[in-house]
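> Heads up: the protein sequence lines correspond to chains G and Z, in order.
Just so we're aligned, residue 1 is where the first sequence starts under full-length UniProt numbering, counting upward by one.
Just so we're aligned, residue 1 is where the second sequence starts under full-length UniProt numbering, counting upward by one.
Treat the hints as calculated values from the structure; they're not laboratory data.
Any given hint could turn out to be false.
[To be verified] One side only, chain Z facing chain G, incomplete, derived with CB under 10 Å:
id : residue
1  : D43
2  : S46
3  : S148
4  : D200
5  : E225
[To be verified] Computed from the model, here is a short list of chain Z residues facing chain G with C-beta under 7 Å:
id : residue
6  : E57
7  : T69
8  : A71
9  : Q72
10 : V294
11 : G295
Virtual Cβ for every residue (Gly too), placed ideally from N, Cα, C.
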Amino acid sequence: MSAEEVVIHHQEGESGSPTLSLVEKRERSHFGFRRWKNRLAHGLFLISTMIGVIVLGALLWNVVKDGWAWVTPTFFNNFASRLPEQAGIKAAFWGTIWVIGLTVPLTFIFGVGTAIYLEEYARKNRFTRFIQLNISNLAGVPSIVFGILGLTLFVRLMGLGKTVLAGSLTMTLLVLPIVIVAAREAISSVPNNLRLASLAMGATQWQTIRRVVLPYSMPGILTGVILALSRAIGETAPLIMIGAVSFIAFTPGYALDAFTVMPIQIYSWVSLPQPAFQHLAAAGILVLLAMLLSMNAFAVFLRNRFSKDK
Amino acid sequence: MWKKGLAVAGALLLSVSLAACSSNASGGGSEKDKGLSGTIRIDGSSTVFPISQAVAEEFMKKNPNVNVTVAQSGTGAGFDKWTKQETDLSDASRLIKDEEKEAAKKSGLEPKEFPVAFDGISVVVNKENDFAKTITTKELKKIWEPDSKVKTWKDVRSNWPDKPIKLYGPGTSDGTFDYFTGAIIGEEGKSRTDYTQSEDDNTLVTGVSGDKYALGYFGFSYYEENKDKLNVLKVDNGKGGVAPSFETIKNGTYSPLSRSIYVYADEKTMTENKAIKEFLSFYLKEGKQLVSDVGYVPLTDKDYEKGIALLEDK
Chain G
1 MSAEEVVIHH QEGESGSPTL SLVEKRERSH FGFRRWKNRL AHGLFLISTM IGVIVLGALL
61 WNVVKDGWAW VTPTFFNNFA SRLPEQAGIK AAFWGTIWVI GLTVPLTFIF GVGTAIYLEE
121 YARKNRFTRF IQLNISNLAG VPSIVFGILG LTLFVRLMGL GKTVLAGSLT MTLLVLPIVI
181 VAAREAISSV PNNLRLASLA MGATQWQTIR RVVLPYSMPG ILTGVILALS RAIGETAPLI
241 MIGAVSFIAF TPGYALDAFT VMPIQIYSWV SLPQPAFQHL AAAGILVLLA MLLSMNAFAV
301 FLRNRFSKDK
Chain Z
1 MWKKGLAVAG ALLLSVSLAA CSSNASGGGS EKDKGLSGTI RIDGSSTVFP ISQAVAEEFM
61 KKNPNVNVTV AQSGTGAGFD KWTKQETDLS DASRLIKDEE KEAAKKSGLE PKEFPVAFDG
121 ISVVVNKEND FAKTITTKEL KKIWEPDSKV KTWKDVRSNW PDKPIKLYGP GTSDGTFDYF
181 TGAIIGEEGK SRTDYTQSED DNTLVTGVSG DKYALGYFGF SYYEENKDKL NVLKVDNGKG
241 GVAPSFETIK NGTYSPLSRS IYVYADEKTM TENKAIKEFL SFYLKEGKQL VSDVGYVPLT
301 DKDYEKGIAL LEDK
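Work out the full structure, taking the sequences as your base and the hints as a guide.
Quick look at the structure:
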């Protein structure tokens, strides 16, 4: 905008002689209108940017105001309780870490594997396009549907029961489409010359993928994975569906234990009548946000590392 | 470079799983073999959830080797899981339906029904509402029946102001909704639909307390906790208006809007897993105080004794 203004000022300066012709007058008013339109656009876009920031700020302020005082060591060391001052998130906190901890490798292996196959190995024929279409469609399926799938497939058919593993597998299915789409984008952005050069040196296709394609596309893949996990960490509905419990007084010891997660605990507190539980819910949200942000920070760290190595 | 990244990622995963493992060591599972041990899985109504959670909490303090988990997927979903024997006890905010009973019997379960507390549905208005004090069940029916013509308070009673009435109530999947419609309209699930619905009763509290001409209904405990923000209406079923309170719900005068809530168990599972029977006995004998702690109304002692008798009798 400033560049344009300079030009306009310049032109105005030139035509600023006392004898303005009709044409010049018209041109000046035309410039004025265009400048006005430009300002308007600038303002509108600024407002739409600020709306997001303001909403986030309001949300954080609200949550911090309500919950900060409740984030204490007791809060981390106690299980849920009917007495708000004794209630904590120990079970939910470790449950979330377990579920996400199992979801990360599962999504990474299946997601990146699918993307590599589709981009590097599969022939571009009707079948591949069919698969791609289906994956994009899956990304838009409501999460509760994945909950029902997880309940019938993992909990009942495979007999895993209402366990951490069943929860992680359901979460993996839920976020897999996001990871696949992101990883494919990242892999297809690798310049083809690099692949050809590697193959020309005598490397096999697998060697090329492992040593050239993946390192090059890793930052993009990691971004996709982290977006996917950010979604998984906040999901409630599918986990309630597969039978994650609301009250549990032990933390999972292995992958086949019962569990609860942070969003379920928060939801359970929010719906209780006693006002103190609303503060506990806010404190839970703070912890969940902190978990999410530290996960994101770690991903950014990893991504920078990969970018630098290149 | 890629290998190094992989190593970093691997280290992260390892540390996460190690941390998770170590948490378990502190979290319990120590094998002191004295007293009861085992697991009890409870699922069902979210209305009963706070009571079951409180009882589970106290029970585990006394029996540290028993793990009790409580979920709240709803009365219907709870019975479904119970029938598939994925849970041991089922919380219910209504009686078991005939088809649910059939399904349970088909899979070899014999449902035993234990009332554990009363819940009263409160009909509430805004704090600034100075005209409505009592409402008859007929008027409630006129307001809430399907295709209701009631648009203003004047439509309900001619000496009330000619102001639009704003309605708040639970969503259709809620047990409170089923009970209210059954008791007031005469048929479960029948209701007008043009009102503000929320599954979260706290939302209804906020709604009614911020709207001068609002009327809503929800569980008694939500009124108990928000007395300062709401006015409760006396409900008149032809014998004079009665306001919901611990007293009137317990002695049955707050009618028809008080109901029992239940826990369902099966005899065979109880003989196989001693902990379940102990837990239920604890629920009925010592749960009374806990019931009022979490905002519900305890049954009379006689009712609890009936439950205990049912439990002991094979």
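> It remains to establish, for every hint, whether it holds in the given structure.
So, going through the hints one by one against the coordinates:
no. : hint : in the structure
1   : D43  : 7 Å, holds
2   : S46  : 7 Å, holds
3   : S148 : 28 Å, violated
4   : D200 : 5 Å, holds
5   : E225 : 4 Å, holds
6   : E57  : 6 Å, holds
7   : T69  : 4 Å, holds
8   : A71  : 4 Å, holds
9   : Q72  : 5 Å, holds
10  : V294 : 5 Å, holds
11  : G295 : 6 Å, holds
Hint 3 from the earlier list is the only one contradicted by this structure; the remaining hints agree with it.
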